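Protein chains in written order, with the numbering used here: chain U, 247 to 455; chain S, 247 to 455.
None of these hints come from the bench; they were simulated from the model. Heads up, some of the hints might be wrong.
The list cannot tell twin chains apart, which means a pair is met if one copy fits it or any two copies do.
Said to hold, decoys possible - Quick list of in silico lysine to aspartate or glutamate cross-link-like pairs, DMTMM-like style, CA-CA up to 25 Å:
#1 379 with 399
#2 283 with 336
#3 271 with 335
#4 415 with 399
#5 271 with 261
#6 254 with 336
#7 283 with 344
#8 254 with 434
#9 254 with 433
#10 283 with 314
#11 283 with 370
#12 415 with 387
#13 283 with 294
#14 271 with 336
#15 379 with 336
Treat the numbers as computed from the prediction; the structure is a model and nothing was measured.
If you want the building blocks of each chain, they are given just below.
Number of protein chains: 2
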Amino acid sequence: MPMEFSSKLLENAVDEVSMLPGIGKRTALRLVLHLLKQPTGQTLRLSESLVALRETIQFCSNCHNVSDLALCEICSNPNRDGSIVCVVEDIRDVMAIENTSQFRGKYHVLGGKISPMDGIGPSDLYIDSLVAKASSGVVKEVIFAMSSTMEGDTTNFYIFKQLEALPVKMTTIARGISVGDELEYADEVTLGRSILHRIPFENSLKNSE
Amino acid sequence: MPMEFSSKLLENAVDEVSMLPGIGKRTALRLVLHLLKQPTGQTLRLSESLVALRETIQFCSNCHNVSDLALCEICSNPNRDGSIVCVVEDIRDVMAIENTSQFRGKYHVLGGKISPMDGIGPSDLYIDSLVAKASSGVVKEVIFAMSSTMEGDTTNFYIFKQLEALPVKMTTIARGISVGDELEYADEVTLGRSILHRIPFENSLKNSE
Chain U
247 MPMEFSSKLL ENAVDEVSML PGIGKRTALR LVLHLLKQPT GQTLRLSESL
297 VALRETIQFC SNCHNVSDLA LCEICSNPNR DGSIVCVVED IRDVMAIENT
347 SQFRGKYHVL GGKISPMDGI GPSDLYIDSL VAKASSGVVK EVIFAMSSTM
397 EGDTTNFYIF KQLEALPVKM TTIARGISVG DELEYADEVT LGRSILHRIP
447 FENSLKNSE
Chain S
247 MPMEFSSKLL ENAVDEVSML PGIGKRTALR LVLHLLKQPT GQTLRLSESL
297 VALRETIQFC SNCHNVSDLA LCEICSNPNR DGSIVCVVED IRDVMAIENT
347 SQFRGKYHVL GGKISPMDGI GPSDLYIDSL VAKASSGVVK EVIFAMSSTM
397 EGDTTNFYIF KQLEALPVKM TTIARGISVG DELEYADEVT LGRSILHRIP
447 FENSLKNSE
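With the hints as constraints, model all of the structure from the sequences given.
Laid out in structure tokens, this is it:
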């Protein structure tokens, strides 16, 4: 059903908002009408924050994480162990791992995963800079922390091949039954892997390294 | 779970976007990261369209619909019948009714409905201007087209009381079984009303007035 707008300004705003992923015309109209009912300041703050972000944001020159500085807080922190590098797909994964407070190394944000279907090849990702980092001699261990999907596995394997010849230990985060999950509802592959990669019981008693 | 942002700019943008209704921090982050991957132009167009809308939008002085002019296209259209006024809650209802192409009168947008729970009383809505319009002698019929909820019914009744003494016909849109709906799944109140307010069969053969 086409929408007939009584205002060109309204139509433009709805069109722009509905270009965001997962936001249709109807939701966009609801959001825009909400802004119209709020003080003008809210719309100005929203717009300014988006423009400020888009125009002045930087990406860390070492790990490619979003940062306000040329080197992000994690990479410039002397208490973080630069010999362990955790490879992740995007900055949301960095935030998720940081929230666990279990990792004291540094990150390497690839900026996506290899996905021929979406036209994303190895050259579209920050793989060269990872190889350079691993070749420098500082890095002792690379942890793969990609999504457990076909694209994630492909990316892991591609990087594995690139780093194979280097004196670097390569590990991957543990896959298994989620804490709090019922065994009977777990999928077979996950349950299978969790048995295959079982750990000494006393290790499971530790909550952190 | 609190989010730890690696960038203050990113945090600001996520905070502002998550002030929109129905958008949480996680969705806001997804939207903002999407904008970071798009050309800067998209963010600029989005921001400009919102600011332009918020700062220069007008509301029709006659019907209170959103408009780029002091008098909206419907109110200034000489082919629309000003003697019939359809009272709706907000401009989305105007769009919905316009889409049916079944109404050739004009509208009156209340800007909400009476809802003591949300602190919205009659004085927060454009009821006075409706009473003034109805008193002018031009309006012959007022159609109530509010949502079929407690608040909608309260609003209808309040307006009915205000207009009661005036020589104006008051009607309400028909409630009944939706076109295409199975009778057995209809709720009792709707089905009851649809029997009570049955119409001559030959009238049902007409698709428009």
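Right, here's what the structure says about each hint:
1. Taking the shortest Cα distances, residue 379 and residue 399 sit within 25 Å of each other inside one copy (21 Å), while across copies they are farther apart (68 Å).
2. For the homomeric pair residue 283 and residue 336, the shortest alpha-carbon distance between copies (11 Å) is at most 25 Å, but the shortest distance inside one copy (35 Å) is not.
3. Within a single copy, residue 271 and residue 335 get their C-alpha atoms only as close as 30 Å, which misses the 25 Å cut-off; across copies the closest is 20 Å, which meets it.
4. For the homomeric pair residue 415 and residue 399, the shortest alpha-carbon distance inside one copy (18 Å) is at most 25 Å, but the shortest distance between copies (70 Å) is not.
5. With identical chains, the CA atoms of residue 271 and residue 261 are at most 25 Å apart both within one copy (7 Å) and between copies (23 Å).
6. In the homo-oligomer, the alpha carbons of residue 254 and residue 336 lie at most 25 Å apart only across protomers (18 Å), although the nearest pairing inside one protomer, at 37 Å, exceeds that limit.
7. In this assembly of identical chains, the alpha carbons of residue 283 and residue 344 lie at most 25 Å apart only when taken from different copies (23 Å versus 38 Å within one copy).
8. Proximity of residue 254 to residue 434 under the C-alpha cut-off of 25 Å is found in neither arrangement, the shortest distances being 55 Å within a copy and 42 Å between copies.
9. When the C-alpha separation of residue 254 and residue 433 is checked against a cutoff of 25 Å, the pair qualifies neither within a copy, at 52 Å, nor between copies, at 40 Å.
10. When the C-alpha separation of residue 283 and residue 314 is checked against a cutoff of 25 Å, the pair qualifies only between copies, where the shortest distance is 16 Å, while the shortest distance within a copy is 33 Å.
11. For the homomeric pair residue 283 and residue 370, the shortest alpha-carbon distance between copies (12 Å) is at most 25 Å, but the shortest distance inside one copy (42 Å) is not.
12. For the homomeric pair residue 415 and residue 387, the shortest alpha-carbon distance inside one copy (5 Å) is at most 25 Å, but the shortest distance between copies (81 Å) is not.
13. In this homomeric assembly, residue 283 and residue 294 come within 25 Å of each other (Cα to Cα) both inside a single copy, at 19 Å, and across copies, at 18 Å.
14. Taking the closest pair of Cα atoms, residue 271 and residue 336 come within 25 Å of each other only across two copies (17 Å); inside a single copy the shortest separation is 28 Å, beyond that limit.
15. Taking CA atoms no more than 25 Å apart as the test, residue 379 paired with residue 336 passes inside one copy only; the shortest distance there is 18 Å, against 58 Å between copies.
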